[in-house]
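Number of protein chains: 2
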Amino acid sequence: MEIKKVSGGVCAAKGFKAWGTFGGLGKPGKGKDDMAVVLSDCVGTAAAVYTSNKVKAAHISVCKEHLADGKAQAMLCNSINANTCTPDGVEVAKYNCSLLAREAGIAAEDIIVTSTGVIGKPMPREPFEKGIPELVKNASYDGGDKAAKAIMTTDTLDKQAAVVFSAGGKECTIGGMAKGSGMIHINMGTMLCFLTTDCAISSEMLEKALRAEVVDSFNQVSIDGDTSTNDTLSIIANGMAGNETIVSEGEDFENFKAALHEISVIFARKIAGDGEGCTKLIQAHVSGAPDKETARLISKSIICSSLFKAAIFGCDANWGRVLCAIGYTPADFDASNIDVSLSSAKGSIDVCSGSASLPMDEDKALEILKEEEVNVEVDIHDGDADAYAWGCDLTYEYVKINGEYRS
Amino acid sequence: MEIKKVSGGVCAAKGFKAWGTFGGLGKPGKGKDDMAVVLSDCVGTAAAVYTSNKVKAAHISVCKEHLADGKAQAMLCNSINANTCTPDGVEVAKYNCSLLAREAGIAAEDIIVTSTGVIGKPMPREPFEKGIPELVKNASYDGGDKAAKAIMTTDTLDKQAAVVFSAGGKECTIGGMAKGSGMIHINMGTMLCFLTTDCAISSEMLEKALRAEVVDSFNQVSIDGDTSTNDTLSIIANGMAGNETIVSEGEDFENFKAALHEISVIFARKIAGDGEGCTKLIQAHVSGAPDKETARLISKSIICSSLFKAAIFGCDANWGRVLCAIGYTPADFDASNIDVSLSSAKGSIDVCSGSASLPMDEDKALEILKEEEVNVEVDIHDGDADAYAWGCDLTYEYVKINGEYRS
Chain A
987 MEIKKVSGGV
997 CAAKGFKAWG
1007 TFGGLGKPGK
1017 GKDDMAVVLS
1027 DCVGTAAAVY
1037 TSNKVKAAHI
1047 SVCKEHLADG
1057 KAQAMLCNSI
1067 NANTCTPDGV
1077 EVAKYNCSLL
1087 AREAGIAAED
1097 IIVTSTGVIG
1107 KPMPREPFEK
1117 GIPELVKNAS
1127 YDGGDKAAKA
1137 IMTTDTLDKQ
1147 AAVVFSAGGK
1157 ECTIGGMAKG
1167 SGMIHINMGT
1177 MLCFLTTDCA
1187 ISSEMLEKAL
1197 RAEVVDSFNQ
1207 VSIDGDTSTN
1217 DTLSIIANGM
1227 AGNETIVSEG
1237 EDFENFKAAL
1247 HEISVIFARK
1257 IAGDGEGCTK
1267 LIQAHVSGAP
1277 DKETARLISK
1287 SIICSSLFKA
1297 AIFGCDANWG
1307 RVLCAIGYTP
1317 ADFDASNIDV
1327 SLSSAKGSID
1337 VCSGSASLPM
1347 DEDKALEILK
1357 EEEVNVEVDI
1367 HDGDADAYAW
1377 GCDLTYEYVK
1387 INGEYRS
Chain B
987 MEIKKVSGGV
997 CAAKGFKAWG
1007 TFGGLGKPGK
1017 GKDDMAVVLS
1027 DCVGTAAAVY
1037 TSNKVKAAHI
1047 SVCKEHLADG
1057 KAQAMLCNSI
1067 NANTCTPDGV
1077 EVAKYNCSLL
1087 AREAGIAAED
1097 IIVTSTGVIG
1107 KPMPREPFEK
1117 GIPELVKNAS
1127 YDGGDKAAKA
1137 IMTTDTLDKQ
1147 AAVVFSAGGK
1157 ECTIGGMAKG
1167 SGMIHINMGT
1177 MLCFLTTDCA
1187 ISSEMLEKAL
1197 RAEVVDSFNQ
1207 VSIDGDTSTN
1217 DTLSIIANGM
1227 AGNETIVSEG
1237 EDFENFKAAL
1247 HEISVIFARK
1257 IAGDGEGCTK
1267 LIQAHVSGAP
1277 DKETARLISK
1287 SIICSSLFKA
1297 AIFGCDANWG
1307 RVLCAIGYTP
1317 ADFDASNIDV
1327 SLSSAKGSID
1337 VCSGSASLPM
1347 DEDKALEILK
1357 EEEVNVEVDI
1367 HDGDADAYAW
1377 GCDLTYEYVK
1387 INGEYRS
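Sequence lines, in order, name chains A and B.
Residue numbering for the first sequence is 987 to 1393, as defined by our numbering.
Residue numbering for the second sequence is 987 to 1393, as defined by our numbering.
Bound-form chain A, shown alone:
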């Protein structure tokens, strides 16, 4: 089955409009919109997964309530304020849904509402009273860019992607947008990612696919080890591709899952590559692990190591830190026969064999590590399982951004 990357984002699938605007949550005059909407032409099936953090954004309980019936028609998202640890967060989130419902002529219970930004600041209502009518009035089939930019916080790039696949002989599309740059160590859900598809699929199968997918894409991303209070990955499937509704396992479901995996990995890499202050995307691929979960844990341990992340920032092929990070992975495997190589668009170099040093051409290593995407390839030689994880380097800029974030 072929999956094709196409241009576009949250409006790439049939029947989805979007927009972004400035409601007034942030400081005016900064040219940065602070809220976005995605509207489907009809009610669709829907699913979401959320952060595992015990301290949760107010929007999460509202989303769970709204998605209890497996249906949704719209997504509403604001940046600047996380609506977390606020006294009346749930009330404000519900109020905002009622505003959008009234303006768009849809049911408040069919809205997926989310927030991202600073934790612990009371959430004002006025910006939404001003912004939501604007969002609805301007929402259009080519408003995806505007929406994707409005949900950014410390992101330097908006994150959009779309893939096309086929189900039941019909061409289907999954598109989406995401934000996320700091407080990212995804567990169970993700920062904020909004997917839309015109594929017809039951809410049960949609949720099943989404829950299975996060394990090997979003959950394998870490920027700073901090699992956010707001992580939410959501999807609406409006069925407008006209395929026979996917209601069980089978070829169509496999195709849908493959397309969902493709777009999820694209977003996982986009998020890692735009980590706060980062200059490089780091991909770790671990093979030869005794089982899949061990491979996941080891690859994630590597891309989480502050020391290795700082070394990569300095283009220093300090592979000892890779071995160190492998060694403290909380899993059961043999660490005595590990091979490590480093690669990028400029070639590949073996740095460690049988858990011991190899003579290294430092000039070649430097040339490889100067690239914007660096791969760490690890073979544990203790089984057949493999996994990927994505992270970024640790830089002066990360410290700067996070030493000054609230001010």
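Do not take every clue at face value.
No copy labels: a pair is met if it fits in one copy or bridges any two.
[Claimed, not checked] Cut-off 20 Å, straight-line C-alpha distance, at most; resulting in silico cross-link-like pairs (EDC-like, lysine to aspartate or glutamate):
no., residue 1, residue 2
1, LYS1194, ASP1370
2, LYS1013, GLU1348
3, LYS1107, ASP1347
4, LYS1018, GLU1390
5, LYS1107, ASP1349
6, LYS1050, ASP1325
7, LYS1013, GLU1390
8, LYS1116, GLU1077
9, LYS1350, GLU1390
10, LYS1350, ASP1325
11, LYS990, ASP1368
12, LYS1116, GLU1190
13, LYS1107, ASP1325
14, LYS1243, GLU1190
15, LYS1080, GLU1095
16, LYS991, GLU1120
17, LYS1332, GLU1357
18, LYS1080, GLU1115
19, LYS1356, GLU1390
Since the hints were derived computationally from the structure, they do not count as laboratory data.
Note that this is a predicted model, so its numbers are computed, not measured.
Following the hints, position chain B against chain A.
Okay, now just chain B, sitting in the frame of chain A:
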């Protein structure tokens, strides 16, 4: 029982000599010694705990072999080279013990041998052939400073401490030295810490005390989340204080444990406060937890958060990141009623009550956070257990040190 801090380090207890010298592992002319020895006048009981990292320094298997009988007379340590992931690391470690045994007239099996430095570089023998005779020739009862400086890597300060307590009516001393500044997220053992005591105690009780102690002192320190391959905490007890040997539980053993705790917390704080590139020591105290282990996990989660560490570097009272770090702690507790306050020598300020924001005097917060020691006080209101953890801020300098470490 009174425990008194006194001056001195590894030579503070009776009958311990020490020295440091330049053997040639590092570059000459940098004024930095690279190896140290501690020699007891007689064979003592001894114990050690080691890193939980699966990738282990060569010295660890040698130490375990040498300490199988619970006895030791000397400690040998080098900096610059970790002797980890090297082809003949165990052979070199044993060779070095044989050199020291010959020079000092002691048994090779009574030597605790350790290394710290870069991983994956073959360990040369010549520097030890040159350095060890110097160490033995010059070892003296006031050589503790020299030894403590020789074992430093990126440490900016040497770390020494000593406490006096009483056992069986005799005054006993525990002294020690430690090194550790990066790759520090201690688990089961510690970076390198060498303790010496003149207290008479059986090797069984010594090991029991040491294993119990690390849980609430060294294991609660994290600088960068990276558990080293070389962490080793060792102690020799030569019995020269003349107390009746401690062979069982009882008042003397409690006194010994209390003194061991006192000196361990001193070293834990010294290590955290000298984290690579750091400007501040962060102490987290969590109370009201349902059990001790949960309190440990929550306090450690706070001091491990990259985001909170960067905020403290920027003197930003971003307590939302404390709530976030508490929330992703892998433990079972109620996160709905958490109080947080920040304090230092300049006073205290409540920032969060009942897991929601409080109005905050930003000027006062800034004044408090500008100090070199910052305390985060957290009450979970879900039980009676409490615990401490120690870490440091995340700075430009950390990134600089670790982007350039190997070069």
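Structure-based check of each hint:
| no. | hint | in the structure |
| --- | --- | --- |
| 1 | LYS1194 / ASP1370 | neither (26 Å within a copy, 41 Å between copies) |
| 2 | LYS1013 / GLU1348 | between (48 Å within a copy, 19 Å between copies) |
| 3 | LYS1107 / ASP1347 | between (52 Å within a copy, 14 Å between copies) |
| 4 | LYS1018 / GLU1390 | within (18 Å within a copy, 37 Å between copies) |
| 5 | LYS1107 / ASP1349 | between (50 Å within a copy, 18 Å between copies) |
| 6 | LYS1050 / ASP1325 | neither (45 Å within a copy, 27 Å between copies) |
| 7 | LYS1013 / GLU1390 | within (16 Å within a copy, 39 Å between copies) |
| 8 | LYS1116 / GLU1077 | within (18 Å within a copy, 74 Å between copies) |
| 9 | LYS1350 / GLU1390 | between (37 Å within a copy, 17 Å between copies) |
| 10 | LYS1350 / ASP1325 | within (18 Å within a copy, 53 Å between copies) |
| 11 | LYS990 / ASP1368 | neither (35 Å within a copy, 52 Å between copies) |
| 12 | LYS1116 / GLU1190 | neither (36 Å within a copy, 72 Å between copies) |
| 13 | LYS1107 / ASP1325 | between (48 Å within a copy, 16 Å between copies) |
| 14 | LYS1243 / GLU1190 | within (13 Å within a copy, 58 Å between copies) |
| 15 | LYS1080 / GLU1095 | within (9 Å within a copy, 71 Å between copies) |
| 16 | LYS991 / GLU1120 | neither (31 Å within a copy, 68 Å between copies) |
| 17 | LYS1332 / GLU1357 | within (7 Å within a copy, 47 Å between copies) |
| 18 | LYS1080 / GLU1115 | within (13 Å within a copy, 75 Å between copies) |
| 19 | LYS1356 / GLU1390 | between (28 Å within a copy, 14 Å between copies) |
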